[in-house]
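**Student:** These protein sequence lines are chains X and C, in that order. Per this note's numbering, the first sequence starts with residue 1, numbered consecutively. Per this note's numbering, the second sequence starts with residue 1, numbered consecutively.
In short, the hints are calculated from the structure, not lab data. These numbers come from a predicted model, not from an experiment. Some hints could be false.
[Said to hold, decoys possible] Below 25 Å or equal to it, Euclidean Cα-Cα: the simulated DSS-like pairs (lysine-lysine) are:
(1) X:41 - C:368
(2) C:463 - C:351
(3) C:566 - X:638
(4) C:201 - X:371
(5) X:180 - X:241
(6) X:201 - C:371
(7) C:495 - C:536
There are 2 protein chains.
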Amino acid sequence: MSLPVLNNFPVEHLNDEQLSSLAAAAKRARVAALTMVTAAKSGHPAGAFSSMEMFMSVFGVANLTPKNCDSLDRDFVVVSHGHTSAGVYAALSEWGFVDREEAMAHFRNCGSAFQGHVTREVPGIDWGTGNLGQGLSAGVGFAIAQRANGRKGRVYVLMGDGGQTKGQIAEARRIAFKEKLTNVVALVDWNNIQISGDRRKVMPCDLPALWAADGWEVVECDGHSFPKLYDALKNAGKNGKPTVLLCHTIIGKDGLGMEDIPDYHGKPPAREMYDEIVKHLGDSPEVLDKALARRKTPPVYKGRKVDFPPAPSIETGKPFDYEGVKVSDNRGAFGKALADVGKLNYGKADKTPIIVFDCDLMPSVMTKGFKENCPDNFIQCGIQEHCVATMSGTASIAGVVPVWAEFGVFGIDEVFNQQRLNDINHAGNKTVLTHVGLDVGEDGKTHQCIDYVGLMRNMFGWKLVVPVDPNQTDRATRWMLKTSGDICLAVGRSKVDGLKEFTGDYEFEYGKAVKLRSGKDGSIFALGYMAQIALKAAEILAKENNLEVSVYAVSSPLAPDMEALKEAAKSGPIITVEDHHVDTGMGSIMIIEAARAGIALPKIKTLGVDHYGASGTSDAVRVEMGISAEGIAAGFLKAR
Amino acid sequence: MSLPVLNNFPVEHLNDEQLSSLAAAAKRARVAALTMVTAAKSGHPAGAFSSMEMFMSVFGVANLTPKNCDSLDRDFVVVSHGHTSAGVYAALSEWGFVDREEAMAHFRNCGSAFQGHVTREVPGIDWGTGNLGQGLSAGVGFAIAQRANGRKGRVYVLMGDGGQTKGQIAEARRIAFKEKLTNVVALVDWNNIQISGDRRKVMPCDLPALWAADGWEVVECDGHSFPKLYDALKNAGKNGKPTVLLCHTIIGKDGLGMEDIPDYHGKPPAREMYDEIVKHLGDSPEVLDKALARRKTPPVYKGRKVDFPPAPSIETGKPFDYEGVKVSDNRGAFGKALADVGKLNYGKADKTPIIVFDCDLMPSVMTKGFKENCPDNFIQCGIQEHCVATMSGTASIAGVVPVWAEFGVFGIDEVFNQQRLNDINHAGNKTVLTHVGLDVGEDGKTHQCIDYVGLMRNMFGWKLVVPVDPNQTDRATRWMLKTSGDICLAVGRSKVDGLKEFTGDYEFEYGKAVKLRSGKDGSIFALGYMAQIALKAAEILAKENNLEVSVYAVSSPLAPDMEALKEAAKSGPIITVEDHHVDTGMGSIMIIEAARAGIALPKIKTLGVDHYGASGTSDAVRVEMGISAEGIAAGFLKAR
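One chain only, chain X, in its complex shape:
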């Protein structure tokens, strides 16, 4: 019996024939899921069985098919409880997205697309998950992108109940409510069992009250009933609010001996138990033998190729020039460039929408100009950084350029794991950290983001740009907006000089260090704005010590300029200077890459942050840290 076409709710209610074919499919899917975990000797059977009717229903009714799943004008589905992957793959196989036999044979097998937690390599999966609490934020990001592009598609988010306690979910609820995202439909698998037992005892959490308190329409529903799920999904959002279906389910449902047993959260059944369950589901245990036999050969299906989103279609305009002493802060130059590019592209149907997210910091992160120029594309998200970090990731893969401007410690330290998942998922985030290093004014140690280079270095795809002056900031901003992939722009708070080197025809080039001064007696490599202070140090060394040192400005610390390093290695000592943790920043990266490349750096000294900073003016804090112009000059003399 083939499954009925249910995409976009073609019927008022499901009829008997449709129901019986869905019931048969759910049985097959349970057999498949159970076979996957048993063959793999690992995985999460009970949750897969618990959510099976929810998976079958959502992948059935959504405007999401094997044919349209690589396009953007469609519905999106996020499975937040990604550990139920066996159930998801089984449901997807019923709806024709993936091959059932291959999934049963190679689930959790190295090299297969069918990983332990759902990944975008599997068609039908829009976001790789497994770290609980992020899924609803992901859904909100998709919904924002739909709206920005004038698309009508819905976003379905499926979650477990144990993870409902994660704070990030509440943040996402509030943004969805405030933004009136009636096209977001959340489903919670409410089986009341988590690893440690009864959910109500492990950590009491009043699910209906919490969703209602955050403004959502709450619908309780039998999570194993296809007709009730169909009707509830069909009616969601009709009252003008985002809707959650709290789906009453039984963990391990229809898995004889697994029902309501916490132990099967993450444990496959023994062979005998497998056989019993499969027979009960109307199939033969030989399914497992076949899967095991096939597992002896390598996986065939590696999944679809997942790339960073294509480069946005953006008009980037003409850069602004800044010349003079303390002419602008870099954050201000970012804000002006962003507002300019925003205006150029706002409301143009052939351009990728630029959406700016704010967490109640607009006056400090300089996005006011953009808001004035592009009011509909500015989204106030309140003090809820975890949600914003994730939603900007999904928005980026659904056809917008998301720009999140934020203080450094909140844009990366607070949300490192969310940015890591963005990296794993190949997103196209544009995160702008406006208060990095010691340049945060008098806010003190809790606000000094002295680790952004070191944190970003732990990922694989992120590009990081730390501009030297307002001119380079302007150009790097325009470059970032039109470039694919996850990019972080990091700027300080203080007014700095505009340097001629970065005006006029200068174009930002990722990975290239810029030599601001030449000298025969050694070199200073300085990160971003610190290059301006390094120039002053070079002047001191020339005047007081008769030494001529080169100054290289490094704006791409994750992609060290090896040619510049080779050149510098030829003349005298090298010191590195940054208002960043001295063990994890630009200097450390240069040392590692030089060692790997076999470039001998006989005398090298790293200057940077070696303790938590004081609370004072940026100038005073740098003096205390030994990286004022005088401190740098003294450091160079010691390195000789």
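Starting from the known structure of chain X, fit chain C onto it as the hints suggest.
**Tutor:** Okay, now just chain C, sitting in the frame of chain X:
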């Protein structure tokens, strides 16, 4: 008029005389706070004025005085909205904790104790904050420590209203409710103004409904009324639930021209405005002139010295020995040692209580034995890692040994900023990451914690231990439990061999690499358990290539053993091996420290994780990553 003694609520209600002296003190404190921000030309005046009666009340009624604030048997106070520091310091000066003139002169001045965000260096401050959302979690940790030590003290947590949207607050609410922490009293400064304007428009959030939904007693209260605050604080907790006072306030209250204006969130008034406000408050603008004059001289008061908590009083027992092939997983050896030490110390009045926190992972993180041995000291916290990361920090400084066992990606990646604040605050956390590197079973890339060394390296105080085998794990666990400071123990999931080198009298020594095999043809440095695979690689090299290589096991990657490195540098090439991001782990640290120490490493090759890993058995995933025994041997040959 001197202030009345109000600690521990000596009267039923405040009398007229007490009220008028409090009112006078609040005026003085507002003058002081305004003088601080005006003299510093930065800071947050409006919130300081908004919370002033709350600050004055809490520091008045709490069992917290300049005399007892360095002890533990007392009340604790957490100011979560740490940016209102000027108001906090002003209130503390009224209650005799700090010197008013010094605070007014040197607020936010480099070197002064009076930092931009409250810090523990200031007496009366129990937790340095400023990153919103963490304060209630901090309070819950203090309350847990009070209970564990049989102390009756209360914990007061003051918060702003804009930050109420942070998800971590909901997590803390739930844990407080579940643990029946009636001694926790939260106060929210509900002025409805945040940086971006009206809180109800910036991000709607139904405060009473949310606190009530999570089980708290909700009391609405006039936040500027001393008698009402006194009565409400006195009655808090009497109905058996944790209590929140939602305090209706006016931002900028009594600051003429500042009231209800978002702009003064983070901006001092101009001089004219300052003068007007100070006169209105009954004082002379000369206060500012005096402060400015004193500001020309360096700060006198650096604050009290804040150290890591003293080493716990713990009986660590006799280590277990493990010998044989795949005799135990390291996580299991940790669990057994923890259970053993727990039993030895459980319920003994002269021992520091060991409290184990769980986020619904007990069967995987191996804390079941401890729970069985020490049921009252095991706290189930649900899937709420942000709260637990913070609460274990404060619990540690209030007299317990907090052990949080957690998967790597949730214990550090997800909560990096919370662990950073623990470092800044000099906590004594014991975080055990049980699934690190590629050794997470088949869970795949989202669960592979390949960055824990690189993340930890961005802080200054954390110690990190990655044991080689169950014997070293056992000994490192016992060492950790009795050692002061923030310590992370990182172990894998697979069963591994028990090595003789770590049995018997072997004692764990932080920072020492252990040479497991000697050879003249080069060296392999391997992180933790990977040393066992490196030994197999050395066997392959001996057998197939007639090469004798040394194998050094590195268990303290943040504290490289420079003697071992010097020794190895003398004989042949060095390769480093770790199932960690190859750019940020042990190998990179060794290269940097060698360069700094002037140790020439002519031939070095770093093997590690250079892309997100596959989903498969740990063995298969390591083969794919090129760090199986065969891969390591091949890597060594390439390095020659």
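**Student:** Straight-line Cα separation of residue 180 of chain X and residue 241 of chain X no greater than 25 Å?
**Tutor:** 6 Å, holds
**Student:** Check the hint pairing residue 201 of chain C with residue 371 of chain X against an upper bound of 25 Å on the C-alpha distance.
**Tutor:** 16 Å, holds
**Student:** Are the Cα atoms of residue 41 of chain X and residue 368 of chain C separated by 25 Å or less?
**Tutor:** Holds - the C-alpha atoms of residue 368 of chain C and residue 41 of chain X are around 23 Å apart, at most 25 Å.
**Student:** Does residue 495 of chain C pair with residue 536 of chain C here, judged by a C-alpha cut-off of 25 Å?
**Tutor:** Holds, because 16 Å separates the two Cα atoms, which is no more than 25 Å.
**Student:** Given the hinted pair residue 566 of chain C and residue 638 of chain X, is their Cα-Cα distance within 25 Å?
**Tutor:** 23 Å, holds
**Student:** Under the criterion that the straight-line Cα-Cα distance not exceed 25 Å, is the pair residue 463 of chain C, residue 351 of chain C satisfied?
**Tutor:** 23 Å, holds
**Student:** If you draw a straight line from the CA of residue 201 of chain X to the CA of residue 371 of chain C, is it 25 Å or shorter?
**Tutor:** 16 Å, holds
In this structure, every one of the numbered hints holds.
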